[in-house]
Structure formats: structure tokens, C-alpha cells
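So the sequence lines, in the order shown, correspond to chains B and G.
Quick note on numbering: the first sequence equals residues 1 to 789 in this note's numbering.
Quick note on numbering: the second sequence equals residues 1 to 253 in this note's numbering.
It should be emphasised that the hints constitute simulated quantities derived from the structure, not laboratory data.
We treat Cβ as the ideally placed atom computed from N, Cα and C, and that holds for glycine.
There may be inaccurate statements among the hints.
[What the hints assert, rightly or not] Derived list of chain G stretches under chain B, where covered just means 3 residues or more per stretch with a C-beta under 8 Å from a C-beta of chain B:
#	region
1	79–90
2	95–109
3	118–125
[As the list claims (entries may be wrong)] Computed cross-link-like contacts, SDA-like style, restricted to lysine to any residue with a CA-CA straight-line distance of at most 25 Å:
#	chain 1	residue 1	chain 2	residue 2
4	G	Lys77	B	Val413
5	B	Lys418	G	Gly149
6	G	Lys128	B	Val413
7	B	Lys418	G	Asn22
8	G	Lys116	G	Phe5
9	B	Lys780	G	Glu78
10	B	Lys780	G	Asn22
11	B	Lys688	G	Ala16
12	G	Lys117	B	Trp61
13	G	Lys69	G	Met27
14	B	Lys688	G	Gly149
15	B	Lys225	B	Trp61
16	B	Lys539	B	Ala497
17	G	Lys79	B	Gly702
18	B	Lys418	G	Met27
19	B	Lys688	G	Ser17
20	G	Lys117	B	Thr748
21	G	Lys79	B	Trp772
22	G	Lys222	G	Lys79
23	G	Lys128	B	Phe422
24	B	Lys780	G	Ser119
25	B	Lys552	B	Thr748
26	B	Lys780	G	Gln21
27	G	Lys117	B	Gly421
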Amino acid sequence: MNYYTLIKANFRSKKGTFIGVGILIFIITVCMCAVINVFVNASDFEERELERIGYGDITYWVRDSVDIEGLKAQVEALVDVEKAELQPMLFVTSSVNGIKSNSSAFGIAWEEGAHAFYIYEDDLSGINAYPAAPQEGEVYVPPSFQSLFNAQIGDNVDILITGDADVRHYRIKGYLEDPVAGSSIMGFKSILFNENDINDLKGAYEHAEGAALGVSIYAFHITGKDTGVLSVGDLQRALNERTDLMQYTIAAYQKTAIAGFMLMFQGIISGILLVFVLVLLIVALIVIGRSITGTIEEDYVDMGILKAVGYTKGDLRRVQILQYVILILAGMLTGLPVSVFVAKAVNRLMIVINGVMITDRLPWLYSLAALGSVLFIFAVFIAVGTVRIGHITPIRAIRGGADDVYFKDRFAVAIHQKGLGFWLALRQLLSGKKQYISACLVAALLVFFLSIMGRLGAWIGEDGKGLMTALNVSDYDLDVLYSENGIQEKAEEKMIAEAGIVDSYTMRGTKGTINNMEYIMYSISKPEYYHILEGRTCKYANEIVITEFVAKDLGVKIGDTVQVTYQGNTGDFLISGIYQCPNDVGANFGMNMDGYTSIGGRRDGDNANKYGISVCYIFEDDTKTEEIADWLKETYGEDVLVDENSWSGLENVLDVISAMNVSEYVVSIFFIIVVAFMTGHRILYREKRDLGIYKSLGFSSGMLRNSFALRFAIITAMGSMLGVIGSAIFTDPLASAVLKIAGISRITSHLDPVSMMLPAVVVTALFYGFAWLMAGRIRKTGAEILIVE
Amino acid sequence: MKSLFLKATDLCKSYASNGVQNHVLNMVNTEIYEGDFTVIMGSSGAGKSTLLYALSGMDLPTSGKVIYKGREINQLKEKEMAALRSQEFGFVFQQTHLVSNLTLMENVTVTGYQGKKRSSAEVRQRAKELLTQMHVEQAADRLPCQVSGGEAQRAAIARALINDPGIIFADEPTGALNKRNTEEVLNLLTEIHQKGQSILMVTHDIRAAVRASRLLYLEDGKIIGEMPLPPYQKEEEKSRERQVDAWLTSNEW
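Please take these sequences and the hints and turn them into a complete structure.
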């Protein structure tokens, strides 16, 4: 009961400080549990949903024109295979709202039952429990069609049979959950049709006059036996080596690779937010640490008196620990339910990118474990922070408290008449420097994080070019595949006139195998454009570069020799380096054009481009890229295939990154308010008498207020500089660690002064502003405080 | 003929405490003249300090007017009042009230800088002279917590003088000092008064009161007595004490 009385009294007298601590914990709980929610739910969502719709450990998409049942029997005969199932579908080429998709889609017939695709409510607010089957002429598409093609319900999806003149029109009925390829970054998509429409399209492709732009295929879902010995990679190698699957395969992906690629951006954003939460946690520890010290200093005399009347240091420490634990628990208990709404909002924001709606049920176990850990860390921290209560003696407290220790180690900085407010601020700052340490460290940490985000933003670029370059196999502004002779010369004349060509090289992207494992195989004429991480690029015809993913997948390293097979031709290649290319989650390798021709690749003749070899251009003025691309499309139509180093979903990704940045600034502002309030409140309380003296000497409220706020500006500017320096050192390794989720292992951001310094200026200005507002009470502190009647 | 410096008209100050209105000042009318060393005396709770702070604009009266050199100071805006305090008024408090993280020298110079009457170098030079005059030059670079009460109070007087104020308001400046320090501080105040400085001081100490050129007696928030005194002479101190004591006794002190 005596503890209760003391705690109640403390809450009453220091409600501002305690409310501040409670708000910090609330914000941390909301952010942390929301990130955990998104992360945990996303991590098992993809694999669970893929399994539900019938996907196995590996899926091969194979052509229909084979003895499919015989192939299935071959696969099932393998001792390592548990289950093999065939799913018929169409490989179609689509055009939405006049935007032709660069790649194809899977046309799948509507079915009902446990394995069916889920259908979303029209407003994407959840799963539709009773979805209607698509009628003839209707389709369900993934929500990422919104970001890719700005497609809404009621818009048209055109399926091209042989070309623009021979198309079938379908109306978008609604959105499906597409865990296979729903993400806007995936090169293909799933579209659900009425069964009659599927049969109609199948017939149209079979009887097309001219080259059909679609084909009937099977998705071959294969599940391995759970022996605990054979990895999925080993199973895939066994399937490639011991069956005829590879001869008929269009594409093959492991379930984990699909899941990884589908939620790549979710992973990146969760990773960044997780780092942000860690920063906030450290900030909260600093603030609470300072709050404890401040409370003890303020209550020095009262604690001495309590000791004089019989309280032990243990009693007083327990009171302090209990009151903070109560606050922390209150913040956590209120923050936990709010985190579910935040996670829901994040998932809602991400749906047009992910193409799937991640569930937002509260992961109790993970959340409570995380909160329990945080509570434990705080409790230990508070227990250590209250040790100094043991040093308080009744006699020392009663004789005047701890005044004598405040200024014993101050720096001597002269005060000058010019800029008197500044010099006074500096003196006050140096005299009571430990009171401002929390503001300094908080500024340093927030600027550190925001500066990293600023540099990352600069690296990504306003148009996303940096991100696209990192996601691509090599650097280029425009990639053009010419289908007719004579176009290239005219196109290049235009490019030179409009933008200037700095360099150009040829590139081929196809499928090839290394040691019987299939990957994307790139060949470029100037291999110095590969993004090399280790070793060197493939200078010679018998060399290749591989990604970290492939190195791990095959268990090979630089200097090893591997067998590369392309269209039945095999050659021995030396691995000369590790390069970065997250395409297909890193399942790719590269060689030079000589290497490509050494295993049967063709690039001879007048029109090398008919062998799928495109030309990549790097422009002097890359702002003209879009203009040139539009000109090429308008002038040459289907005779050119143009890639502007971008994709239509990029805009939404950039929007989400911007929204995330804004949210981080908003949370930072809350933290700054709380820290400025808590620190400022305590300082004003302690300096009440000095303020009265200054007023009696003729200092105006405005000047004192400005001088007070200036202290925060000075200290947070110093902290901000530390944050900027920290971000300059740690941005690349930290960002690389987070973006490794996306297969981007190395980030080389540039020292961009604006993006780095902006957070420092914003944080310093906010601290100054909130301290200035906080100091409004100086107006009420008059010289009359000195009056003793 | 001395010129009128400060004039209070119908000055009232009251506080509400536990629902009861306490009238600390009750229709006070008085005039303070340039060059005078005016001392306000009275019993505890008579309203001496309240009157001093009301006259100096430090505290607002409930009603009435205070006119300083023709300006009604209660009507001044905050900035005007701040300028008046820094350039025209000097304060010496019972508890010294030096800024705790500034050295004695800095306490004086900061006030000088704010007064804006001199350049930085001149302020520093004048501060040194004043601290020497107050015999605290050896403690100039120490913090208030590192010097004796007497040294701190002498530095406070130096601070009050740095901007050559029209008047110094001193509230029980010797109240917290021992006998030796009290004597030193009173000697300094007397010295500066003899050089022409106007002083308005509150005290309940007869030894301090005898330094005055004019005494006011306050009782229950009203001035009930006034006594002029000839210029102070050290050798006449005992007789002045008796004279003042008799006057105080006549006022039922």
C-alpha cells in the first residue's frame, strides 16, 4: 500500500514525463508488432497458399505436345518423388487497356473447391466468401493489374491469338489471389477464365492462321519425399538428369523461389521497418534512462526524507521500477491491438504490388515473445539506472540535494555580447550537458536512419532507375530488339541526335543449364557491364560469372569448372566471378558473346536480332529515354521490342517507398515531440529561478525562449552530424544486408549531400521548433519568482 | 530641490488565499527622489518587499499606478519592461540570485551585454572595475556555489551597477549575511550612494537603515511614517542608530 501511495503521487506530480514514456512505448509496440505481424504472416503465407492450390516443391511448366502421361509416369517412378500432379492451362499473351504485357499469362479455367484460387472483394477489403464463377467473356485478374495497367473492374483484357487483329475481349469481373505470379514484379500472371472460354482459346490457338501467340501447357507440380536427406535442389537435379522433363520445359521454379520473388518488396520493406524499430527501441532506452536520472535528481530531497523516515534504497528502487513497468505495460497493451490495424493498412497498401493480401491475424506467440524481451531489457535497464538511489543519504539531501554536482566539470566557453542568446544557450548547454545527451543521441539515431533512407532514395532515384539497374543483369537506358533489317541504323541516328549514345552492346537472355540445373543464361558483348561482386568478369570465351544464389545452389565457387549446356550443346566453363542480378531471385548466370557462340548460340548474319539478341544503349542524356522509346514504338510498331529499364509496376513500388518514408518521418516527429517535451520540461523546472533572474536583469521572454530552443538546435545539430557521418559509413553495408532479400548483395550509394543532410536539417529544425513551443511557459515565469516576502 | 524619480499612487496588492482576500498593500502613495537612499522598514509581513517589487515593476499591483520618469510602468509591454530593467533598474536580492552556471564575472558581464550601453570590451573593463571595487576580483572566475555569501552578494551589487542604473532596488541585501559581510555590503551601498546612486532598500535591520537618507515605515500595507536623515557619517553611526530606533519605537515597531 505504501508503494501504491508513492507511485500514485509520482504519477500525479510527473504526469507529463510519464505520459511521454507511455507514448514512446505505445509507438514502439505499434511499429514493432505491426512489422512482426507483416513479417510472420508473409513468411508462411506464400508457401501455405501455394500448397493449398496444389503446388509442389517444384513446378515445371511443360508444353502440351508431348506424351504427358508418359512423362508423368517417368517422374513418379523416381524413388525420391512423393507426388506428381498435372494442371492444364494456357500460356497466353495479353493486352490490358491498350498496354501490351511484355510477357505472357497463365490462362486457367475457373474451378470451385478447396484448391480453387481465392477471389477478393471488389474493394480488396478481404476474401469474398461466396464468389461468382466468371461467365463467358469475364475474367478474374490479380490486383497488381491495377498498378501494372491501371486496370479496374469492368476494363477489358484482350487475349491476342495471332496479333493485334486477332484478339478475344474479356471484361474484368474481379480480382483473384494469385500466390504464383500475382506480384507486379513477376513476369507472368494468372488469369481465371470461364471453362468454355479456355476451350475456345485453346481451339483458336490450335487452328490459328499464322504464328499463335498462345499455347496449351501443363503446370507439373512435383513434391519430394520428406526424407530429411534430399534437398529440393537435389530433387530438381535428379528430375533434370533422370527424366525427359527438361526437353519440354518452358520454365521451372522451386516453391521457395516463387515465394521469395512474390514477396520480394514485402521483404525489403519489412527489413527496413525492422531496422527502424530497432532504432526506435534504442531511442526509447536512452529517453527512459534520462527520465530515470532526471526523476532521481528532481526527487533527491524527497528520497532523502523518505530514507530518513525508514524507507530502504530497495523500497525506493522498487517504486521506480514498478512505476516504469506499469507505464511500459500500459503502452504495450494499448499498442498491441493498434498494431493489427497498422499491419492491415500496410498489407492493404502492398496488395497492388504483391498481388496477394497477406493475412493480418495477430501472431500472439511472436508478438508476446518480442514484447516480453523488450520488457525484460527495459526492466534490467531501469534496475541499473536506479542504482544511484543507493547513494542518496538523508543528510546530504536535506542539506541541499545534488546541486553541487551539476556544474563541477563544465567547459569554459566565453560569452560574447554579439549573439548573446547563442552564447548563453551554449553555456547552458555545456553546463548541463548530460541533460541534453538524450536529445543529442536521439537526433543522431533518427538522422542516421533517415539519412540512410535518404541515400537509398537517391540511389533508387525519382524514376526508380537505380533500383531497376540493380535488378537488371547490366547497365543500360534502353534495350531494343529489332525484328527487321535496316531499322537499327535509322533508330540509332535518331538516338544520337536526341540523346547521344555513350555506349552500346548486344545482349541475349535465354535458358541454359549448369551441371544440369536450369537457370536464365545471359550473354553480352561487353561483359564489363555485369555487376561483379567478387572475382572478375568473364573476359574469355570459356568463362562464366554466376550469382551468389547459383553458387550456393550448386555448391560451387570462383575457380571451379562447370558444365554449361545450351540447346543440347555442352562446354566446360571456368567460374571467373560472382555477379549481382536478382532476376528469378538470382537463378541466372552470364557469359560473353564468344562463350555463347562456343556452345551453339547464333549471332551471325545481317540480322543477328532474329536470334533474340537485343541492343542495349547507354545515353548521354538519359532523360530522353522515354521519348525515344515512344518514338520507336510509334514508328516501327511490332518490328521493335523496347525495354526502358523500367516496368509499369515500378511507380507503385516508388509510391510505397515514399509512403514508408513519410511514415518514418511522422513517427520520428512524435519521438522528437516526446523527447523535446520530457527534456525541456525538466530543464525549465530546474531553471525556473535562473529564468526569473534573467528577467530581473532585463532579458525578454522572447530572447530567453529563443536561447532555450537554441540549446536544442545546437545539441541536435551536433547529434545530427554524428548521424550523417554514421549513415555515410554504414548505409551501404546495412542496405546491402536488408536488400539481400531481393538478391541485391551490394549497394553502392553515392554521397548525395541533399538526401543526407535533409534529415539533419529537418530533425534539428523540429527539435528547435518543439523546444521553442515548449518554452512558451517562460512567458509565465516572471521575475516575481524571486520575491520572498 | 531633488527631482521626482518614482511615484506610487493608490497602490494596492491583494492575494486570495483559502477563499480569504489578504490586502498586502493598501492604497500606498509615495514618491522616491533621485539621489536618495530610501529605506523601507516595517515589521514582518507588513508588505515591504511587496511594495519594493511593485515599485520596480517586478510584480504587478492589483490596482494603482507606478510612474517612473513620467512613464506608467504597469502599462509597459514586456519588451519595454525588459529594456527598463536592463538599462534603468538594478536589483540586489536577499538570496543573491546569481545565475548558477555563470562565474561572478560572467554574471556581471552578461547583464552589461544585455544593457547595450557599452561595447563588449568596455563592459568587461567596467565589470573588472566593479568587482575590484566590491573586493571580489580574486573570485571573479568562480561559480556562485564556490564563493561565500558575502562575496556572492558583493558580486550581485556589481551586477546591479554594471549598466549605471537610475535606481537600485535592494531587498534585504544583508538578510542572509553574517556580521562582517553585512558591514562590507552596507559600506559598499553607502559608498555608491555617496557617489550619487539612487537606492531603494527594504530591511528590518537598524544597522542597515541608518545608512539611509530617508526612511519610510510600512505597517499593514500602508506607509505610516517617514523620516529624513542627514548624510551618513561613520562616526555618527551610534547616534543615528538611537535616533532611528526611537523613531521606529514611536511607530510601534
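For each hint, the structure was consulted:
| no. | hint | in the structure |
| --- | --- | --- |
| 1 | 79–90 | holds (count 8) |
| 2 | 95–109 | holds (count 9) |
| 3 | 118–125 | holds (count 3) |
| 4 | Lys77/G <-> Val413/B | violated, 33 Å |
| 5 | Lys418/B <-> Gly149/G | violated, 31 Å |
| 6 | Lys128/G <-> Val413/B | holds, 18 Å |
| 7 | Lys418/B <-> Asn22/G | violated, 46 Å |
| 8 | Lys116/G <-> Phe5/G | holds, 22 Å |
| 9 | Lys780/B <-> Glu78/G | holds, 11 Å |
| 10 | Lys780/B <-> Asn22/G | holds, 23 Å |
| 11 | Lys688/B <-> Ala16/G | holds, 23 Å |
| 12 | Lys117/G <-> Trp61/B | violated, 90 Å |
| 13 | Lys69/G <-> Met27/G | holds, 21 Å |
| 14 | Lys688/B <-> Gly149/G | holds, 21 Å |
| 15 | Lys225/B <-> Trp61/B | holds, 21 Å |
| 16 | Lys539/B <-> Ala497/B | violated, 32 Å |
| 17 | Lys79/G <-> Gly702/B | holds, 9 Å |
| 18 | Lys418/B <-> Met27/G | violated, 44 Å |
| 19 | Lys688/B <-> Ser17/G | holds, 23 Å |
| 20 | Lys117/G <-> Thr748/B | violated, 58 Å |
| 21 | Lys79/G <-> Trp772/B | holds, 18 Å |
| 22 | Lys222/G <-> Lys79/G | violated, 31 Å |
| 23 | Lys128/G <-> Phe422/B | holds, 23 Å |
| 24 | Lys780/B <-> Ser119/G | violated, 31 Å |
| 25 | Lys552/B <-> Thr748/B | holds, 23 Å |
| 26 | Lys780/B <-> Gln21/G | holds, 23 Å |
| 27 | Lys117/G <-> Gly421/B | holds, 17 Å |
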